[in-house]
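Visitor: Sequence:
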Amino acid sequence: MYDTILVPIDGSAPATVAAEEAIELARRFDASLSLLTVLETPASAHSEAESDRDDLDEQVERTIERIEAHAVEAGVPHETLVERGIPHDVISATVTDLGAEMVAMGTHGRTGVERILLGSVTERVLRTSSVPVLTAHERDEVGRFDDILVPTDGSTTADRATDHALALAERSGATVHALSVVDVQAMASGLDMGAGLPDVIEHLTDQREDAVDAVCERASDRGIDCETTVFEGAPVQAITDYVDDNGIDMVTMGTHGNSGIERLLLGSVAERTIRTSDVPVLAVPPESD
673 MYDTILVPID
683 GSAPATVAAE
693 EAIELARRFD
703 ASLSLLTVLE
713 TPASAHSEAE
723 SDRDDLDEQV
733 ERTIERIEAH
743 AVEAGVPHET
753 LVERGIPHDV
763 ISATVTDLGA
773 EMVAMGTHGR
783 TGVERILLGS
793 VTERVLRTSS
803 VPVLTAHERD
813 EVGRFDDILV
823 PTDGSTTADR
833 ATDHALALAE
843 RSGATVHALS
853 VVDVQAMASG
863 LDMGAGLPDV
873 IEHLTDQRED
883 AVDAVCERAS
893 DRGIDCETTV
903 FEGAPVQAIT
913 DYVDDNGIDM
923 VTMGTHGNSG
933 IERLLLGSVA
943 ERTIRTSDVP
953 VLAVPPESD
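Residue numbers 673 to 961, in the numbering used here, belong to the letters of the sequence shown in order.
Source of the hints: derived by calculation from the structure; they are not laboratory data.
Cβ pair distances, simulated, as ranges:
#: 1; residue 1: Asp761; residue 2: Glu740; range: 23 to 29 Å
#: 2; residue 1: His742; residue 2: Val872; range: 50 to 56 Å
#: 3; residue 1: Ala741; residue 2: Met673; range: 23 to 29 Å
#: 4; residue 1: Gly826; residue 2: Asp702; range: 30 to 36 Å
#: 5; residue 1: Glu745; residue 2: Arg725; range: 18 to 24 Å
#: 6; residue 1: Ala765; residue 2: Asp818; range: 31 to 37 Å
#: 7; residue 1: Glu737; residue 2: Ser892; range: 40 to 46 Å
#: 8; residue 1: Glu745; residue 2: Gly826; range: 38 to 44 Å
Glycine included, each C-beta is placed from N, C-alpha and C at the ideal position.
Please model the entire structure based on the sequences and the hints provided.
Guide: Shown next as structure tokens:
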């Protein structure tokens with residue numbers, strides 16, 4: 673499923689963690705890493721004659737050297753690229769040029785309970801990427817993927833996310849957790865259904881049970897352990913609580929909504945999960961037209 677994983681490096685701690693997660697994924701999938709640093713400054717006469725790597729900030733250079741050393745130790749083939757331009761544009765072009773199947777990036781900024789900023793580059797890549805984007809920040813056990821959560825609503829995009837979760841579970845011996853949520857509060861506030869609301873909730877609960885059962889049927893066909901849960905409540909909070917209560921190591925979920933070449937909305941549940949999650953989130957986009 674993954675032959676090449678692109679890892680943008682900016683010298684930050686979250687980007688370093690994302691690179692470490694990518695190294696472990698590359699090891700499990702026999703994939704190679706492409707470490708990319710983007711310089712936003714114009715090329716100088718010196719850098720035109722020499723390698724652009726000579727113009728790297730000292731912290732970024734040290735970060736790259738550490739990641740390269742870890743890749744070598746893990747036996748993961750890798751290359752280091754230094755390009756100039758607008759970061760999200762260069763990342764997108766590099767995905768295309770390399771035929772990369774995943775981008776792994778760090779997230780930034782946290783205030784109180786909720787992360788306010790993903791980082792402008794990360795957010796733009798998430799909204800426009802045609803390939804899955806793994807987002808990560810600092811956590812205690814980098815590279816551990818024993819329990820993988822798949823939030824599902826039975827949609828095509830959720831099915832695509834399930835593909836990735838099952839592939840990783842096969843390589844990791846992981847348990848897949850299929851979770852679906854019936855947002856009762858949203859229905860109650862958005863619809864004036866009176867006595868008919870319980871019937872709608874029952875119908876949606878049946879649909880959600882079918883969705884999680886479908887994930888586990890696919891898992892069972894591949895010899896993967898799977899657990900199902902259907903909650904009533906707020907989706908993001910349900911995902912957060914499930915991650916905390918069940919020792920989840922990664923969330924794999926679909927994103928929604930396209931307009932032209934740019935995704936205007938990741939989907940409120942996916943976006944808030946990415947912003948607040950304490951574990952890596954693999955955001956899987958809809959299939960390209």
